[in-house]
Amino acid sequence: MKGENGNAISSEMDKKEAIEMAKFYIVSGQYSRAKELLHDIISKDPDNTDALFNLGILYELTNDLDRAIDMFRNLLELDPENREAERHLSKLLEM
Amino acid sequence: MPQFCVIGLGKFGTAVALNLARKGFDVLVIDKDEDKIREIEDRVAQAIILDVSNEKALRSLKLSDFDYVIIAITQDIEASIFTAMIVKEDARGKTTIIAKAATEIHASILRKLGVDRVIFPEKESANRLVEKITSPNIFDYIELSRDYSIAEIKAPRSFVGKTIISLNIRAKYGVYIIAIKRKEATYTPDGQLEVNEKVIIIPPPDEEIQETDTLIVIGTADAIERFKEVE
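Read top to bottom, the protein sequences are chains A and B.
Reading the first sequence from the start, the letters are residues 1 to 95 in our numbering.
Reading the second sequence from the start, the letters are residues 1001 to 1231 in our numbering.
In short, the hints are calculated from the structure, not lab data.
All of these numbers come straight from a predicted model, not from anything done at the bench.
Lysine-lysine pairs mimicking BS3-like chemistry, simulated, CA-CA at most 27 Å apart:
hint: 1; chain 1: A; residue 1: K35; chain 2: B; residue 2: K1198
hint: 2; chain 1: A; residue 1: K35; chain 2: B; residue 2: K1154
hint: 3; chain 1: A; residue 1: K91; chain 2: B; residue 2: K1094
hint: 4; chain 1: B; residue 1: K1062; chain 2: B; residue 2: K1036
hint: 5; chain 1: B; residue 1: K1162; chain 2: A; residue 2: K35
hint: 6; chain 1: B; residue 1: K1228; chain 2: A; residue 2: K91
hint: 7; chain 1: B; residue 1: K1094; chain 2: A; residue 2: K35
hint: 8; chain 1: B; residue 1: K1132; chain 2: A; residue 2: K91
Some but not every residue of chain B turned toward chain A, in silico, with C-beta under 7 Å:
hint: 9; residue: K1154
hint: 10; residue: K1183
hint: 11; residue: A1185
hint: 12; residue: L1193
hint: 13; residue: V1195
hint: 14; residue: E1211
hint: 15; residue: T1212
Note that the Cβ used here is the ideal one computed from N, Cα and C, for glycine as well.
Chain B extracted, bound-state conformation (with noise of 0.2 Å):
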């Protein structure tokens, strides 16, 4: 099971290390805040009360060792910066590092600095950024409401070529198909090969799936939970 580290106790990395915590993850989290780390210590396998400008400390707890460390800090970009500088430094290519992002500035020297991949607020919530890192089938995932989640999910290998009448989706597992993402590949006019994107909306029964589509779906969030594991 992949282990996760939180940097940053805001209300999104906070939202982020509980939903990992809830769906049964060892999150380590770090925040210089005493507060902040009593308030979250008992929900999560480990917390520390850290400083990450302190360079010794932060070296020292091998952050290596962890699949996925989300670096949650956007109130000090120096801090973020020096983190993700750090962190890439020790993880060596074993490690994803996932960094907020506050500007496009800062976002574009996170990337300058090899973090592997860049969020910015206002198009992340905590919820989807779990879904897409936990679940490598998931693309996208949005809230509805408490009970009803839009996810975009990579088309199940055992579905492909089959009809979504046949497949019987609707009965079987209780989501929708909404839309189907197409990719197909091109030429452009100078020889090279350039990917498209097409997107099928509502698509009808006897539309055939490709392995080159991601489904859109819509269902109750325990729905899309079996929906995701069907290969």
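One chain only, chain A, in its complex shape (with noise of 0.2 Å):
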């Protein structure tokens, strides 16, 4: 997997570092950014929670609504304690 500074993400700290990253981007407005970085880490590590959590987030963000579900539900059936994830889903499935 190639990074922004173009060296391979592979080891968990890489990764950390890379979250960190799209997060950055997500906050600063950069979307298009972002979910390149976490489609990258997710293409890599598809369990990697933390990226699944913050696509879902982007999603969320920039009214993509059925993909932020997806995201979520991927997310909460690898890790069914995460009552964040399970938050947005429940405010997204509200109609």
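Got two chains here, each in a separate frame; can you build the complex from them with the hints?
Structure follows, in structure tokens:
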């Protein structure tokens, strides 16, 4: 996996840093960069719950609600105790 | 075109089915009351008399072939829960299941069964539900009168980065933006991200539309219908 600086994101530390970078992109409104980075992480590590959570947040933010629901559902399958994901999911499912 | 099934022809279920049919969608309606089926059968694609407690008959309908199954049974909570359970088992994630709840406990059971959307009669009109499920860009819809409605619409992609005045929305589409709901992400004290929403009431003409915006517009049903197609 290639990170922003072109290096492979392989170690746990690299993944953590990449997620922090993605979060910064989200907060600063750089949504496509954040999406690309999070998809990169998930493609190599599909069970990365931090990446799934933040991608869920990103989709919720950009009103891509069906995808946001999918992300939080996937995350809850991996981590059923994740209260934050549960809170976001029930908010999204309210009509 | 998505296929719909409406189970339970009370006032709400009937209105949802007729509304969908009027919009040109194929709707299958199910009720155990023959009179209710007779009343509606000419106006929908298919109408079936069936008691949902007959599990074998219910399963034989292959409800998993439908994109949406709307369970509009609230008089008989047991029947509603039983139907939700059977549909959920058969659907295997392919069908969006929407169920109307009579009470908070009923709603909580429906959610536990994995129903995708639980709705409450006091919050939901049939019209509002139909708009929301048939138009992915419409998040909410309220009829003000026979002619005018208010809709919450996802900001079209082509509007992002442009000001309201430069888009000439009122003249071009006949709708008026009365508010913008804008989401933004912030850090929580423990470093997680949180989504916050602020509402800009009567946005000024030089307000720039952003990717995270939902536009709340007022206009005639026709104008809103045209506006929701803008990409």
